[in-house]
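Visitor: If you want the building blocks of each chain, they are given just below.
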Amino acid sequence: MNTKVTLCGIELDNPVIPASGTFGYGYEFAELYDINELGTFSFKGTTKEPRFGNPTPRIAECPGGMINAVGLQNPGVEAVINQELPKLKKCFHKPVMANVSGFSLEDYAYTCLKLDAEEQVGWLEVNISCPNVHGGGMSFGTTPKAAAEVTGVVKNVTKKPVIIKLSPNVTDIVSIAKACEDAGADGISLINTMLGMRIDLRRRKPVIANTMGGFSGPAIFPVALRMVYQVSKAVKVPVIGMGGVSSAEDVIEMMLAGATAVEIGAANLVNPYASRDIVRSLPAAMEKYGIENLTDIIGGAH
Amino acid sequence: MKQVIFEIESNEALTREVYRMVLSGDTSAITAPGQFVEIALPGKFLRRPISVNDRSENSLTLIYKVVGSGTEQMANLPAGTKLDLLTGLGNGYDTSRSGETPVLVGGGVGVPPLYGLCKALLAEGKKPSVVLGFNKESEIFLKEAFEALGVPTYIATADGSCGTKGFVTDVLKNMDYSYFYSCGPMPMFRAMEAVVTTSGQYSFEERMGCGFGACMGCSIQTKSGAKRVCKDGPVFRREEVFY
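Top to bottom, those sequences are chains A and Z.
Just so you know, numbering that gives the first Met the number 0 puts 259 at position 260 of the first sequence, and the rest follows in order with no gaps.
Just so you know, numbering that gives the first Met the number 0 puts 80 at position 81 of the second sequence, and the rest follows in order with no gaps.
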C-alpha cells in the first residue's frame with residue numbers, strides 16, 4: 000500500500016495536510032503527537048506586519064461546522080522567521096507549507112520574498128481568499144485579473160512552488176483558477192471558507208463581532224468537492240482539495256475529484272488528533288476500496 | 000491536555016439556570032485550579048468550554064449556566080451518559096503569589112472555578128476570604144459550599160435581596176487583603192480596577208474555537224501582545240491586561 004504523492008515536485012509521505020489557521024505554527028500539536036506523521040502542514044496565514052485581527056467574538060457554532068472571523072491574526076513575517084520557524088525546526092523535519100496573505104501586491108511580494116529564503120519552507124500557499132479582512136485577501140481572489148496579478152508578482156520573487164488558495168465566494172472559480180495557472184501558478188488550493196453568519200436569538204444581534212465570517216466544516220464538503228472537480232478538470236497544475244474533510248474516506252473522495260493532496264481544517268479544532276487519525280486510517284480505507292497506489296486515483300472520477 | 004471519556008454521575012439544577020454536573024474519569028491532566036475542559040456534545044460541531052469547579056483523582060465537578068443550545072443540551076443529559084472531554088486546558092491560577100490573606104472575587108457564573116482555588120489556597124495554609132456577586136437572591140449558588148470550607152464569605156446582590164446591596168466592589172472597597180483572584184464578566188473587572196489595592200489575577204471568558212491554542216478564535220490584547228484566552232490564559236495577571 001503506497002500513500003505517497005508528489006506535490007509540485009516535492010514528495011509527501013501521504014497527502015494529508017492540516018490547513019492554515021487550524022494548526023498554528025505546528026508546535027501546539029507537536030506537544031500531542033509526532034507531527035512528522037503528516038504529509039506536511041500549512042502554517043498560520045502570515046502577513047508583512049503583525050496583526051491582532053478582528054474583535055471577539057470571532058467564533059460561532061453552525062449545523063455541521065463553524066464560522067470564524069479571526070482576521071489573519073499573526074505575529075508578522077519577521078517574527079515567523081525569527082521565532083516560529085526555529086521552534087518548528089525542533090519538532091518538524093519536513094518541508095512546511097508557508098501560507099501568505101497581504102493587502103497589496105507589494106505586501107505579497109515582500110512576505111513571499113522573505114519566506115522564499117527559508118530552507119524549511121517547501122511551498123508558498125498564497126491566500127487570495129480570506130473573507131474576514133476588508134480591503135485585502137479576498138479582493139484579489141474575486142476576479143481573474145487580480146488573481147493573475149498576485150500570482151505574477153509572487154512568481155517573480157520566489158523559486159519555490161507557488162500555490163494559489165482560492166475563494167468559493169465567486170461566480171466562476173474555474174476562470175480564476177485558469178488565470179492563476181496562466182500567470183505561472185504551480186498549484187491551486189481550494190476552497191477557503193464560505194461567507195456566512197449567525198444571529199444570537201437572545202441578543203438579536205450577529206454572534207460574530209465582525210457580523211460575518213468564514214463557514215467551514217463537514218457541511219461545506221460537497222461544495223468543496225464540486226469545485227475541486229471543476230477546477231482540476233480545467234487546469235493542468237496540481238490541485239489541493241479542502242473544505243470539510245474529516246476522514247480518510249473524504250480524502251479519497253477529494254482525490255477522486257482531482258485533488259493531488261488534501262488539507263484538513265475545522266476537524267483539527269474539534270479533535271486535535273484528527274489529521275493524525277486520518278493519516279493512520281488511510282491504509283485501511285485504501286484496502287477497503289481496492290487502492291494500491293493513492294496517486295493512481297487522482298482525478299479518477301473525471 | 001488529555002482526551003478522556005467521562006461518565007456523568009449526577010447533573011442537577013442549583014438555580015433556575017445554573018447546573019452542577021459531576022463526572023467520573025481520569026483527571027490527571029488537570030494541574031491547577033482555574034483550568035477548564037472542552038466537552039463534545041452529540042450534534043454540535045464545536046466543543047463547549049466549561050471551567051473546573053472541583054476535582055479529585057477520579058471525579059470532576061463542573062458548574063455551568065444555560066446560555067445557549069449547547070448548555071441547554073448539557074442540562075438535559077442523564078446520569079450514566081458518556082462524554083468526550085479535553086481536560087487540563089489553560090493555565091489556571093498561580094497560587095504562589097497569593098500572600099497570606101488573598102480575596103477571591105466571583106461574579107455570577109464566574110464563581111465556580113474560585114471554589115477549587117479556595118480549596119487549593121487552604122491546603123497551602125493561606126487564609127482566603129470570598130466575595131460573590133449575583134443579581135438577586137434566587138440566583139445565588141455555592142455560598143454554603145464556601146462557608147463549609149470555613150472561609151469568610153460575603154455576598155453582594157444588585158437588588159439587595161441578600162447581603163450587601165450593590166456589586167462586589169461595594170464589599171471589596173472596605174476590605175484588606177494581600178492579593179486578589181477573580182473570575183466574572185468584563186464590566187466587573189473594569190469596576191474592580193477602580194477599587195483594588197493590590198496585584199491580582201483575572202480569569203477571562205471568551206467564545207472559543209478549539210480551546211487549545213490552534214485557531215486564534217479567543218485572542219485578547221495584553222501589555223505583551225496578543226494572547227490566547229484558551230492557551231495563554233484564561234488567567235492573566237492584572238498588570239498584563241489593564242495597563
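Just so you know, these hints were derived from the structure itself, not from any lab.
A portion of the hints provided could be inaccurate.
[To be verified] Keeping only pairs whose Cα atoms sit at most 20 Å apart, straight-line, the calculated EDC-like set for lysine to aspartate or glutamate is: (1) Z:K64 to A:E77; (2) Z:K226 to A:E77; (3) Z:K135 to Z:D158.
[Said to hold, decoys possible] A short, non-exhaustive set of chain A residues, derived as facing chain Z with CB atoms under 10 Å: (4) M65; (5) N168; (6) V169; (7) P221.
Backbone N, C-alpha and C define an ideal beta-carbon position, used for all residues, glycine too.
Visitor: Next, verify each hint and record whether it holds.
Guide: Structure-based check of all given hints:
{"no.": "1", "hint": "Z:K64 to A:E77", "verdict": "violated, 43 Å"}
{"no.": "2", "hint": "Z:K226 to A:E77", "verdict": "holds, 18 Å"}
{"no.": "3", "hint": "Z:K135 to Z:D158", "verdict": "holds, 6 Å"}
{"no.": "4", "hint": "M65", "verdict": "holds, 5 Å"}
{"no.": "5", "hint": "N168", "verdict": "violated, 20 Å"}
{"no.": "6", "hint": "V169", "verdict": "violated, 25 Å"}
{"no.": "7", "hint": "P221", "verdict": "violated, 16 Å"}
Checked against the numbered hints given earlier, the structure breaks hints 1, 5, 6, 7 and satisfies all the rest.
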